[in-house]
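Just so you know, the protein sequences line up as chains C and Y, in that order.
Mind the numbering: the first sequence is residues 1007 to 1116 in this note's numbering, read in order.
Mind the numbering: the second sequence is residues 14 to 561 in this note's numbering, read in order.
Quick caveat, the hints were computed from the structure, so don't treat them as lab data.
This one's a predicted model, so the numbers in the text were calculated from it and none came from an experiment.
Note that CB positions come from ideal geometry on N, CA and C, so glycine has one too.
Be a bit skeptical, because a hint or two may be false.
[Said to hold, decoys possible] Below, simulated SDA-like cross-link-like pairs (lysine to any residue); rule was C-alpha separation at most 25 Å, straight line:
id: 1; chain 1: Y; residue 1: Lys46; chain 2: C; residue 2: Asp1114
id: 2; chain 1: Y; residue 1: Lys314; chain 2: C; residue 2: Glu1038
id: 3; chain 1: C; residue 1: Lys1074; chain 2: Y; residue 2: Ala325
id: 4; chain 1: C; residue 1: Lys1078; chain 2: Y; residue 2: Leu322
[Stated by the list, open to error] In silico negatives: residues of chain C with every beta carbon more than 12 Å from chain Y:
id: 5; residue: Asn1014
id: 6; residue: Arg1024
id: 7; residue: Val1033
id: 8; residue: Thr1055
id: 9; residue: Ser1060
id: 10; residue: Arg1069
id: 11; residue: Asn1076
id: 12; residue: Lys1079
id: 13; residue: Lys1092
id: 14; residue: Val1094
id: 15; residue: Tyr1100
id: 16; residue: Val1109
[What the hints assert, rightly or not] Listed next, with one range per pair, are the computed distances between beta-carbon atoms:
id: 17; chain 1: Y; residue 1: Ser272; chain 2: C; residue 2: Tyr1028; range: 51 to 61 Å
id: 18; chain 1: C; residue 1: Tyr1028; chain 2: Y; residue 2: Asp271; range: 51 to 61 Å
id: 19; chain 1: Y; residue 1: Lys529; chain 2: C; residue 2: Lys1111; range: 24 to 34 Å
id: 20; chain 1: Y; residue 1: Glu336; chain 2: C; residue 2: Asn1014; range: 29 to 39 Å
id: 21; chain 1: C; residue 1: Asn1014; chain 2: Y; residue 2: Glu177; range: 51 to 61 Å
id: 22; chain 1: Y; residue 1: Ser120; chain 2: C; residue 2: Asn1076; range: 15 to 25 Å
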Amino acid sequence: MNTHITANVFRFNPDTDREPFYKKYRVKSDGEMSVLVLLDRIQREIDQTLSFRSFCCGLQMCRSCLMKINHKKKFACLTIVKPGEKVVIEPATYPELHIKDLVVKLPDKE
Amino acid sequence: MKSQEYTIKECDVLVIGGGGSGVLAAIEASTHKNLKIILASKGPIGQSGLTPTANGGTALPASVDEMIKEMVTGGSFLNDQKIVWFMANEIQNAIEKLKQFAIPIISYNPTRACVPGPETLQVLRRELIKRPNVKLFEDTLISSLIKSDGRIVGATALDLTTGEFFTIEAKATIIATGGYAGELYPHTSNNPFGVTTDASGTGHAMAYLAGAELIDMEMIQFVPLPANPQCLHLRYFPDFWAGPYTNRHGDVLESNIDSYPGKSYSHLFVQKLFRELAKGNGPIFIDQRDLQVQAAGSKVKSWDQRRKLFKALGIDPHENKIEIIIGSHFGMGGIRVNEKTETTITGLFAAGEVMGGVHGGMRIPGYSFTQMIVFGFEAGKQAAHYALEHQRKEEFSQALIEHEKEKIFHFLTEPNNPLSGAELKKQLQQVMNDHVFVVRDKEGLEKATKVIRAIKRDVSRLSAPTFRRFNLEWARSIEFALMVDVAEVIVESAQMREESRGAHFRNDFPHEDNDKWLQHTVTQLKGGQLTLHTSPIEFYRMKPEASS
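Can you make the complete structure from the sequences, with help from the hints?
Okay, here's the thing in C-alpha cells:
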C-alpha cells in the first residue's frame, strides 16, 4: 500500500533565484488530506523555506488558497489528495502579482 | 547610535488588524478627510483574521434591558456593565450605518441578523481603497507598540512581502487584532480546516508589553467541535449543535441543549462533556439522523456554501453520526477598556475580540459580531477625536525601536542549539491542553507556569531560514514569542481566581464565590515583571441576587 503523497511544487524567490524551479517532496501520509494541509506539513516538517498563504476561511469564499493544482485553478483547502497520488502545485498567477513560491498579491479590485 | 536604519511612515490614526473591527474603525476614522489613516494587517483584508471564517450571526436587542440581562447573567456578572449598556444601546445604529455600504444584511429572527463576514470585508476593502486618506498595509506584521512618555506613538512593523522592518508613527493607535484562544490549544474552531489562521493573541501581548492592563484572561471559551480528521474543526451552524449527544455506550447525555444559557457555547455543557470524556466514556457523538430537518433555503451565500460543503464532505450531522471533541473558540478576557474603547494607556484604543470585559465569563452566540460592529465604529470615532486634539510626538527615544529590530532579526541568525518552531508550539499547546483547559486546579496551573517559563527561555533558540521575502517561519517565530507571554498571563490569572465562574472551572474551588470574587483579575507588566491585582465589578445596571 502506498504511504506517500508526492508534491511537485513551484518555487521562486525573485531576490535569490535566477529563475523558477520545481521541487519534489515526498510526504508521508496514512490518509487523504487537502492540498492546503499538505503544504502546511511540508513547510513545518520538511522545508521551512516554502512560502504559501496558509489562511483558510473554511467557506471557499476568501480565495486566499486559490492556486493551480495539476494546472487548474482550485481552492487548496478543499482539493483532496490521497496516498500514492502525485500533485503539481503552482501559484494562481505568475509572473503577474507574484511574490514568492505560491504567494501572490491580492489585486486592489478583488 | 548610528542614524536609524529603517523607514518611518507617518499617519494620524494607525489601525492594527484587518478583520471586521479594524476595517470598521478605519472606515469611521477616515470620514475625517483631514486625517491620514493607515490600516496594517498581517494578511490581505478578507483573507486574514477570523471574521471571514464566522457565520456572521449578530445579536440584536429585543429591548436594551433584555440584551443587558442576557449578557450579564450569561457572563456570570463579570462583564463591564457600562460597556454592555453602550453596546446594547448602539447596535441598532451601528447596523444602520453598515447598511449604507450595500452589505447584504439579512434578519433571520427578531433578535438575530446575519452580517456575512467574507462579503462584508470584500465590500469594505473596496471602500477603503477608494478613500484617498487611507493606506492599506496588507501583509504587514506589527511586532510591538512604541511608547513615549506614557503614550503610544506608533508601532514597529515588518513588511512580509519584502522582509523590510519599518516604523509607523501615529497620533492614535487602535488595536483590533482579534482573539487569543485559537493558537494556544491543539484543537480549536479558529482553524477551520486544520491549518492555522494565526489567531495568536499578538495584540494582547503587544499591549501588555507596553504596560496596558489585561483583564479576566483566564476566561476562555471551549466548545464542541467535529473530530473528523479530514476537515478538522470545521464550524457548524448553531442549529447543528442542539443534540442529541451520546457517549460510546449509546447513553444519551443531552437530548437537546437549548435549555442551557448560551447553548453549545455554554461552559456548563462543555464541562459536562469534559467529565464524561475524563470518565472514559468517550468518544462522544452528535447524532441528528432521526431529527426532522427543515430545509430552510437561506439568502446568505456563505451559509449555503457551508451547508453544501458539509454534505459533500460527509459530515452533515443530519445524515451522519459525528464524533466530537472539545476545542478552544473565543477569549472573553482582553485589554482593559472603557465603553469608549480607551485602554489604560493614552493614545491606545482597542476594538473587537481583543477587548476585555464585554462578555464576562461566557460569550453568547451572536455577540462577537455585535461587539465587532459597535466597537469597530466606536474605536474609529474615538481615535479620530484623539488624533484631532493631539500633536504627533516628534521626538522620542530610538533605543526601543533598535532593540525591537534586533529582537526580530535575531530569529534569522543560527543559534547554538536551534529548535523548531513547530516543535516548541506543540509543547505550548500540550501544556495548555493538559493544565489550562476546561477544568483546572492549583497543582496543574503551577506545573503549567514552570513549563511555560522554560518555553519562554527556549524562544531565543528559534531559528528561521535567512531569506527575507515572505518568510513564514520568521513571521511565526515573531508571533510565537508574543503568544508565550499571553499564555503566561492566562495561567497566572487562572491561578489567582480561586473560584469557579463562567468558563473558568477550578476543581479545587468548584463554587462561584460572590463574596470574594465579583472582581476582575488584572494583569500588568511593571518594571519587566508580571503583576496581578483585582478590581471590583461595578453594578452599573444589575446586581446579582443576594443568595445565589
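For each hint, the structure was consulted:
no. : hint                              : in the structure
1   : Y:Lys46 to C:Asp1114              : holds, 21 Å
2   : Y:Lys314 to C:Glu1038             : violated, 28 Å
3   : C:Lys1074 to Y:Ala325             : holds, 22 Å
4   : C:Lys1078 to Y:Leu322             : holds, 20 Å
5   : Asn1014                           : holds, 20 Å
6   : Arg1024                           : holds, 15 Å
7   : Val1033                           : holds, 15 Å
8   : Thr1055                           : violated, 5 Å
9   : Ser1060                           : violated, 5 Å
10  : Arg1069                           : violated, 7 Å
11  : Asn1076                           : holds, 19 Å
12  : Lys1079                           : holds, 16 Å
13  : Lys1092                           : holds, 20 Å
14  : Val1094                           : holds, 20 Å
15  : Tyr1100                           : holds, 14 Å
16  : Val1109                           : violated, 5 Å
17  : Y:Ser272 to C:Tyr1028: 51 to 61 Å : holds, 57 Å
18  : C:Tyr1028 to Y:Asp271: 51 to 61 Å : holds, 54 Å
19  : Y:Lys529 to C:Lys1111: 24 to 34 Å : violated, 54 Å
20  : Y:Glu336 to C:Asn1014: 29 to 39 Å : holds, 35 Å
21  : C:Asn1014 to Y:Glu177: 51 to 61 Å : violated, 31 Å
22  : Y:Ser120 to C:Asn1076: 15 to 25 Å : violated, 43 Å
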